[in-house]
Amino acid sequence: MTTTPPPRPDDALPVAAVTAADPAIDPAADPAARPRFGAARAVVAVLLGLLVAWFLWDGLSSLVGLPAQFEALGIADRTPWLVLVAGVLAPPLIFGLSILLARRQPLAQFTLVLIVALGAVATTRLSLIATAASLSGF
Amino acid sequence: MISDRPDEALSWGDESDASYVDAGQDALEPDDDGSRGATATAIDGDPTPASALDSRRRTAITAATGLLGGVYLMYSVGWILGVGLLPLAGPTLLIEIMYQFAEFLAIIAGALWFATTLALTRGGRPVQRFGWLALGMLVLVPWPFLLGVLG
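Protein sequence lines, in the order shown, are assigned to chains A and B. Note that our numbering gives residue 74 to position 74 of the first sequence, counting from 1, and the numbers run on in steps of one. Note that our numbering gives residue 256 to position 118 of the second sequence, counting from 1, and the numbers run on in steps of one.
No lab work stands behind these hints, which were simulated from the structure alone. The C-beta atom is built at its ideal place from N, Cα and C for all residues, glycine as well. Honestly, I wouldn't trust all of these hints.
[Said to hold, decoys possible] Covered by chain B, per the in silico footprint, the following chain A stretches (three or more residues, Cβ under 8 Å):
{"hint": "1", "region": "54 to 63"}
{"hint": "2", "region": "69 to 81"}
{"hint": "3", "region": "127 to 134"}
All chains, full assembly: derive it from the sequences and hints.
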């Protein structure tokens, strides 16, 4: 024969109070229940990040090298500084935002979003090259 | 339910079968007393059933998505034409390969953005889908082509 245990003091609390206080019930309060970034996502981010890094390096080399070339040609006043700076800022900005947005997605979707971001980085880079060429009259 | 009859697997079963589904009974079709049709009718005396409005809304969303798909297709064509107008020349083989890769990425970026947006906003709110598609239309504008044409 079994007896019903007496109610614990917690049982008298409203449901909202219990869920807010108990991390086992409220997933948001429990760090272990949240989806973690994980090693697989980190590997994908690093691999695609290497390609993005090339675009960053290309932008940096333009920022460093082009003004000198323009000066040598005697058209230093036509240096498209804004475009050159945007070429350096855009790749990490776009890629970083995409990681931020997709970090809670499953691995396949996370990878897909980062590939799209890589495509956006490429289009931005080529658009900036075309704009720089157009502004400087080449 | 397991039957001993050897030809059981060759028949569709009947209404006594637990897995039987009446394909002739449409969701739009009112019951005998007309109750289902009455609940689907809009509140203010509008004779258009709610499911018909929903169907029209879905058609509008599909049409708008198709229209934006056409714009993205034009972007891809713009990039195919635009990359030929770019003054790109790599001093080394590696840089040349990377420029070629960038051009390839730029050409497929529109299709990738469109497909990814559709895949990730499936079942979500239409405003979310169209918001992302609108953002893509701003980011992926084929400036090399436009500047080449305008110049």
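Inset, instruction - Tell me, in ascending order, the numbers of any earlier hints that this structure violates. - result: 2
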